[in-house]
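Engineer: Residue numbers (mature numbering (1 follows the signal peptide of the UniProt record, and there is no 0)): -26 to -1, 1 to 527.
Hints were generated in silico from the structure; no laboratory data involved.
Keep in mind that the hints are not guaranteed to be accurate.
Stated by the list, open to error - Below, simulated DSSO-like cross-link-like pairs (lysine-lysine); rule was C-alpha separation at most 30 angstroms, straight line:
1) Lys285 - Lys171
2) Lys306 - Lys505
3) Lys214 - Lys258
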Amino acid sequence: MGLNKKLLLTTTLALGVILAPATGRAAETSQPSAASQSSAVASSTTATSSTQASQQSSSRTTSTSASHPAKRLDAPTVKTSQTSTTTAKKTQETLALTDVKVTKTAVTGHTTAGTTVQAVGLDQAVLGTAKADAQGNFKLVAGLTGTSFSLRATKNDMQSATWKYTAKLKVSKVKVAKTIVSGQTLAGAKIKLVNQKKKTVGTAIASSNGQFTLHATKKVNTTPFTLKITKSGYHAASWKYTAPLKVSKIKVTKHKVTGHTTAGATVKVTNLKKQLLGRAVANKKGTFAVHTTKKVSTKPFNLSVTKSRYKKVAWKYTAPQKVTRIAVHGKKVTGHAVAGATIKLVASHKVVGTAKANSKGNFTVHATRSLTTKTFTVNATKSRYHKAHWKYAAKKLNVPLIAQRPELPTGCEITAVTMMLRYKGCKVTKTSLALEMPRSSNPNKGFVGNPYTSYGWTIYPAGLMKLVKRHAHSAVNLTGVSISQLKKQINKKHPVTLWVTGVDGFNTHALTMTGYSPTRIYYNDPWTNRKTSMKTSSFKSHWKRDGYRALSY
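Model the full structure from these sequences, guided by the hints.
Structural biologist: Given below as structure tokens:
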């Protein structure tokens, strides 16, 4: 019995501890253990504790009490309402800004329906406002691509959201002149000029309208440099100046091209088929010499000059062109030029014939009229070749033909003068002039002998000057002049009386020069009564043998 009573008492004490919170009475036996007090405080202060946690705490308390009987039962009672009435604060939902796009005309994106979206500048000024539609899409009609700003999304009972846009600075309208660089960027931006050696040689700040003018400490327009633009709240920008390359003093020989450019530049020579013929690098002084694999002096080619941070420069070689081997046969003109060249015949400012040179350079042009005694020009043109001109200088006067025979078998000089004066319009005859002609034993003063007989000899220009002047009102002794001077006289439409030796078998004979071409001299022969011509070289020989004598007006 004593043992049973002791066991009953122990069980009763344990149950008293467990039931104490429910009855609200203080235990009278002993103080709760430290573990029991900790469990009670934890259950009263944790807002989100579950019943399971409370039961676990009670279980731990019971276990502890059973192991360690409480000495006192006067501990304060913890009310259950402290745990059951405590609730967690509701978490506030946060707004979000997604799919934001910034274009030149608008800012678009997505958020919660009904949200107010504002664009706010760096100075907190409102730049635009919009409201998200039922699908959450919003659009601010404002061009903000060049401006840094923030999007603020707000809605009642929701936490606001912010989206930041950092714009990139831009620079435009840049002009470079020696030591001055000007341009346009954002107002207040700082501009720094950095040369190739990474040294700053000038700074500036953009004015309120964004314009800037930077004065460099050195000449900058001939070498590359970089402009660096910065401003708080913006992405930095840079602008690179590509300096111009120049090429000069170019000389072209058969297989070599020399010249001057920027030091270190690469020089290439290519033909019109873009095939590389040679290359070189300019030395420290800028001079270069390109040795080519083929002859380049006679054909067009391209020369290019390149260097990093410099603008590429090109130089085109225009090849020379010649027109040669010209031959005129009435309406047909033949010759030689560059293969594929276009040939035009121009007479009196009009095109009278065209043709194209064949693969060998030969051409044949059929003119609309005879050009044998006409002055005309042969023009040859071809792309990338210099224009070539060849002048066919020819002129022929329609001088009346008069025979010296039978009246004046040795009167060729006075008959030739008669033809010359008749072209002038003088009303004279060979016989009337023969009567006027002075007589003398000196041919420089008058006719030696009798022109009416076969025993007459000659008279020289000096002996006829007065007679010619009397009828033509002018006279010019052309003895000793060049053939080109004779041609000039013909160009004035003034025929010339010439003295020659060896023509028609005479020791001395006179002819009337009526025209010329590049290779021939045209004349009227009073002895043969013919309008004819001879090669210029032959004429020069006959004329020389008679002292280069000539007379005109």
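Engineer: It remains to establish, for every hint, whether it holds in the given structure.
Structural biologist: Right, here's what the structure says about each hint:
no.	hint	in the structure
1	Lys285 - Lys171	holds, 19 angstroms
2	Lys306 - Lys505	holds, 22 angstroms
3	Lys214 - Lys258	holds, 24 angstroms
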